[in-house]
Amino acid sequence: MTTDTLSATFAALADPTRRAILARLAHGEATVSELAAPFDMSLPGISKHLKVLQRAGLVEQGRQAQWRPCRLAPEPLREVAGWVEQYRQHWEESFERLSHYLRELDTQQQTKGDDDDRDPNRPG
Amino acid sequence: MTATRIDRGSTETTSVYSDGGDLVFERIFDAPRDKVWKAFMDPEAIPRWWGKHGTTTIVEAMDVRPGGKWRYVSRAGDRDDVAFYGEYLEVDPPQGFKWTFMFDVEGVGPMGGPETYVFEEIDGRTRVTSTGHMGSVDVLEGALSTGMVAGGLETWDRLAELLAKG
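Respectively, the protein sequence lines represent chains A and B. The opening position of the first sequence corresponds to residue 1 in the numbering used here, with each subsequent residue numbered one higher. The opening position of the second sequence corresponds to residue 125 in the numbering used here, with each subsequent residue numbered one higher.
So here's chain B without its partners, still in its complex pose (with noise of 0.2 Å):
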């Protein structure tokens, strides 16, 4: 434990928290590390997990080295396709990689930045660290700090009480 962790809203299963400026998840999952390695880097196994619940996934590239490029397409009824793409950085089978995570936001254009895996086997079962660095301190805070308001922008009343307790 660093004293900079502060907690972003951790689940019964997932702990998230930020650190500095980098956006951290992590999950026990209750298999062997290579069966969750090869989930990440299976272009098969990739649609049956990947995205949020009532999402589907194409898989547009997947080239697992260094330099090599990705892209996710992310479908669903209800609004337009996504793509999520980068370029990996590091392949450390089956220990971690390191790629860079982008995504366009409507109005905004590419968001994101580089994300490192790390799987840990811990008797049988497997600790995932995924941190995104998603800029400097001041900009994660800012950041935190809309998501907190993207609940309820229809008054600016409502946006104000917000802001003030921030």
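Bound-form chain A, shown alone (with noise of 0.2 Å):
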């Protein structure tokens, strides 16, 4: 997956009917007018979510039957799920670190007096 489809997927995520009509795929496999029937929506508009979803590859949509049932396709949300997640940790638990490293050069330097500025990584 590319970060372009990554964007595409996000994209599809957004909209909170996109995501109620993954919830209700969640639970099963559901015709275009299915997965109408909940929103005040016509059968075109919901066709354009399920074409957004489609792409992004959360949504497959059978060939074969008439009816065409949509179910989901989970793969690209395990995948990027809970990157930026990550993130927000990464920089959460960093800034606490960071506060404790400053902490600890403070101590360092009135216990060395001022003049190691220049190499204060030193343990002390």
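It is possible that part of the hints are untrue.
Here are the computed lysine to any residue pairs in the SDA-like style, where the Cα-Cα straight-line distance is at most 25 Å [stated by the list, open to error]:
(1) A/K48 <-> B/K159
(2) B/K159 <-> A/Q110
(3) B/K222 <-> A/H90
I should point out that these hints are in silico values taken from the structure, not numbers from a laboratory.
Build the complex: two chains, separate frames, hints provided.
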């Protein structure tokens, strides 16, 4: 999967109607009219959303059956799940460590005097 | 405060919010700005604080000037090494810098984007604001909604519940 596909996945997920469609499909296959039923939306309107989801690889539609049921394709979602959360944790925890580190530097300076600015990273 | 700010899980010490397509982290450190600058720019300082708890960081490249490359490798016992890398875009000591922040996501490829750091001195303390530009508003919103489900993908029923809340 390329970054472009990933952007398509994220863009597809950004819309609440599309998230609701995915939520419905998580329970099992459904036809387009079944998907349209809970929404105040025309069939073409729903089809438009489905196209976005299909392009993002999140929904597959059967080719054989007349009613062409839609189903969830979980893989792209599994792959991207949580990378922003990872990023968030990275910075939250790094900031926490940085705060400790800066405090340590302070303690070192107080014990060693003010002239150790050139090399504050050696343990004291 | 702008109207587009949405809290994204701030903690006691760190504000985390999205603003349009940006994800912003803000924290005040009890140290003067020069020291904070040095902590970000000294290759010997980076391994002392950079990365999640329990990880070790190896600085492989740190060419601090516009166009210069950086590369940190994060090591932890329970997973393969992860490389963070990019290029310095603007360097303005000690007020801040801008770089690209990339990392490889398994099965996906490089993710990330430009990040801006602003260091403001406030009465001997320093406010650090990190702004990551993750793409369009839609892309960030979608990415955050996958984060919501990251905790438990064991059953699709649980996913369904989370998506429905969306």
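Now the hints, each set against the structure:
1. A/K48 <-> B/K159: This hinted pair is violated, its Cα atoms lying about 54 Å apart.
2. B/K159 <-> A/Q110: Since the Cα atoms of B/K159 and A/Q110 sit roughly 15 Å apart, the hinted pair holds (cutoff 25 Å).
3. B/K222 <-> A/H90: holds (18 Å)
Taken one by one, the earlier hints fail for this structure only at number 1.
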